[in-house]
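**Q** Take a look at the letters that make up each chain.
Number of protein chains: 2
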Amino acid sequence: MSLAAKYLVISNRLIERIQSGELAPGMKIPSENEIIRENRVSNTTARKALANVEQLGYATRIKGRGTFVRQRDVVRSATKILSFSQNMRQAGRVPSTKLLGVSQLDYTRQVVREIVIDGRRYTMQPPIYRIHRLRFGDDEPILLEERFISAALCPGLPTHDLTGSLYGIYEAVYGLNLTEVKQRIRSILLDEPAQSYFGLTAETPGLFIEGITFSGKETILEIEQSIYRGDTYQFTVTATPR
Amino acid sequence: MSLAAKYLVISNRLIERIQSGELAPGMKIPSENEIIRENRVSNTTARKALANVEQLGYATRIKGRGTFVRQRDVVRSATKILSFSQNMRQAGRVPSTKLLGVSQLDYTRQVVREIVIDGRRYTMQPPIYRIHRLRFGDDEPILLEERFISAALCPGLPTHDLTGSLYGIYEAVYGLNLTEVKQRIRSILLDEPAQSYFGLTAETPGLFIEGITFSGKETILEIEQSIYRGDTYQFTVTATPR
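Line by line, the protein sequences are chains A and B.
Residue numbers for the first sequence, in the working numbering: 1 to 242.
Residue numbers for the second sequence, in the working numbering: 243 to 484.
If you are wondering where the hints come from, they were derived from the structure by calculation, not from laboratory data.
Warning: the hint list may mix true and false statements.
What the hints assert, rightly or not - Label-pair ranges, simulated between beta-carbon atoms:
id : chain 1 : residue 1 : chain 2 : residue 2 : range
1  : B       : Lys270    : A       : Arg65     : 33 to 43 Å
2  : A       : Glu34     : B       : Gly334    : 49 to 59 Å
3  : A       : Glu218    : B       : Glu422    : 28 to 38 Å
4  : A       : Ser103    : B       : Ser345    : 54 to 64 Å
5  : A       : Asp161    : B       : Val336    : 31 to 41 Å
6  : A       : Lys63     : B       : Glu422    : 37 to 47 Å
7  : B       : Asp433    : A       : Asp73     : 35 to 45 Å
Claimed, not checked - When the alpha-carbon atoms are kept at most 25 Å apart in a straight line, the in silico SDA-like pairs for lysine to any residue are as follows:
id : chain 1 : residue 1 : chain 2 : residue 2
8  : B       : Lys305    : B       : Gly441
9  : A       : Lys6      : A       : Ala91
10 : A       : Lys28     : B       : Gly361
11 : A       : Lys182    : B       : Ala394
12 : B       : Lys248    : A       : Pro126
13 : A       : Lys6      : B       : Ala394
14 : A       : Lys48     : B       : Leu250
15 : A       : Lys6      : B       : Val358
Where is the CB? At the ideal position from N, CA and C, for every residue including glycine.
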């Protein structure tokens with residue numbers, strides 16, 4: 001195995017330096033020429049080593065300037081209940097929130113929220129609070145969320161601090177347990193409002209998530225419609241035998 | 243509850259007729275005027291009923307022509323191991339496959355396949371078969387997939403019929419159990435080749451899936467890079483407490 005893939009040995013060493021934080025996001029990593037000199041390898045090998053680091057998502061080459069350590073994407077396991085705030089902290093980013101709007105949906109107009117998921121239709125009855133927020137990780141806007149929350153389960157919710165985790169409020173203030181979150185994930189093109197909230201101009205893909213959160217069997221706590229920017233956010237899932 | 247949302251009662255009835263198949267994909271559903279006449283309701287109510295059927299994804303309004311039952315999206319649970327063929331059959335579609343290419347990656351060039359998932363890097367050693375396929379549901383191209391398969395675990399794989407489920411071949415021919423599939427889901431814009439395989443012209447979003455399939459602990463059976471068209475394909479996941 002020793003002749004095997006000299007470029008891999010070099011790229012592995014670079015990746016270890018990135019993972020350890022020695023090479024931090026935004027820093028330049030060794031150039032092709034530096035790699036050739038330090039490792040006494042051909043330029044083909046040096047190029048393949050850099051290409052491998054880039055392909056695995058650890059660095060980005062900027063033409064004429066060099067290869068730089070990337071700000072890591074936020075990757076989230078989709079199968080565990082996790083608030084955005086916790087998710088950001090796991091990713092090593094500081095979460096923050098801009099409250100865009102709070103309202104109570106009008107009972108007399110018979111506003112009902114519905115969601116179809118796994119072939120079942122769930123209906124939420126008023127009164128419902130609607131909370132609209134833009135959420136950041138390290139000052140980068142990542143999530144535009146609209147949440148419809150049962151006012152029967154969370155009376156007076158708008159009097160609480162709505163710039164942190166709502167899951168935290170459900171648990172700490174209302175003593176509710178979150179038992180299950182079902183989500184539907186689809187790929188979309190960001191529409192104009194989302195683009196402008198995210199400060200993006202070009203057409204960017206996004207993940208559109210419709211979700212329903214239960215507190216106890218069949219008790220609908222909230223329905224959510226969220227847009228994650230697709231350029232920095234990813235989900236992981238693990239599937240097991242049927 | 244009886245005054246509650248007449249439009250919901252009407253839209254529920256329409257949805258039931260769609261779900262039962264009485265109103266099949268492509269068929270026109272009752273117009274606003276027909277709903278007004280049959281149910282003696284206002285045009286506001288009729289309009290809201292139609293809008294609700296549309297919003298829930300059961301129908302599409304085509305300007306000047308009416309509202310038509312939609313071909314249902316393919317929705318797949320991401321947490322169960324499921325072949326594309328099985329997934330299509332569940333969705334009531336007939337699966338088919340176009341084989342685009344089969345090759346064996348060259349050992350002497352030290353081609354290695356790697357994937358980073360949940361912070362871990364997995365490496366696949368040659369010899370590796372590469373199978374490139376376009377997969378259809380009811381003649382609609384849905385998935386463009388590239389799979390890298392361990393030739394050590396599946397010797398002679400290319401001599402088998404590659405137009406069906408590979409998972410089926412792994413199990414039936416090689417006696418392998420699929421124990422776990424880890425996937426990373428991100429949103430992309432379809433690139434030009436994918437657009438052309440899917441027969442799409444405008445910019446369409448897609449889901450890019452990188453996956454790794456294990457047969458037994460730590461035994462990598464295959465690595466996959468797949469593109470699903472985003473306009474008809476969705477994932478669902480269920481999250482439970484940490």
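**Q** Look at each hint and say if it fits the structure.
**A** Hints, verified against the model:
no.: 1; hint: Lys270/B <-> Arg65/A: 33 to 43 Å; result: violated (58 Å)
no.: 2; hint: Glu34/A <-> Gly334/B: 49 to 59 Å; result: holds (58 Å)
no.: 3; hint: Glu218/A <-> Glu422/B: 28 to 38 Å; result: holds (31 Å)
no.: 4; hint: Ser103/A <-> Ser345/B: 54 to 64 Å; result: holds (58 Å)
no.: 5; hint: Asp161/A <-> Val336/B: 31 to 41 Å; result: violated (54 Å)
no.: 6; hint: Lys63/A <-> Glu422/B: 37 to 47 Å; result: holds (40 Å)
no.: 7; hint: Asp433/B <-> Asp73/A: 35 to 45 Å; result: violated (19 Å)
no.: 8; hint: Lys305/B <-> Gly441/B; result: holds (24 Å)
no.: 9; hint: Lys6/A <-> Ala91/A; result: violated (31 Å)
no.: 10; hint: Lys28/A <-> Gly361/B; result: holds (22 Å)
no.: 11; hint: Lys182/A <-> Ala394/B; result: violated (39 Å)
no.: 12; hint: Lys248/B <-> Pro126/A; result: holds (16 Å)
no.: 13; hint: Lys6/A <-> Ala394/B; result: holds (23 Å)
no.: 14; hint: Lys48/A <-> Leu250/B; result: violated (60 Å)
no.: 15; hint: Lys6/A <-> Val358/B; result: holds (20 Å)
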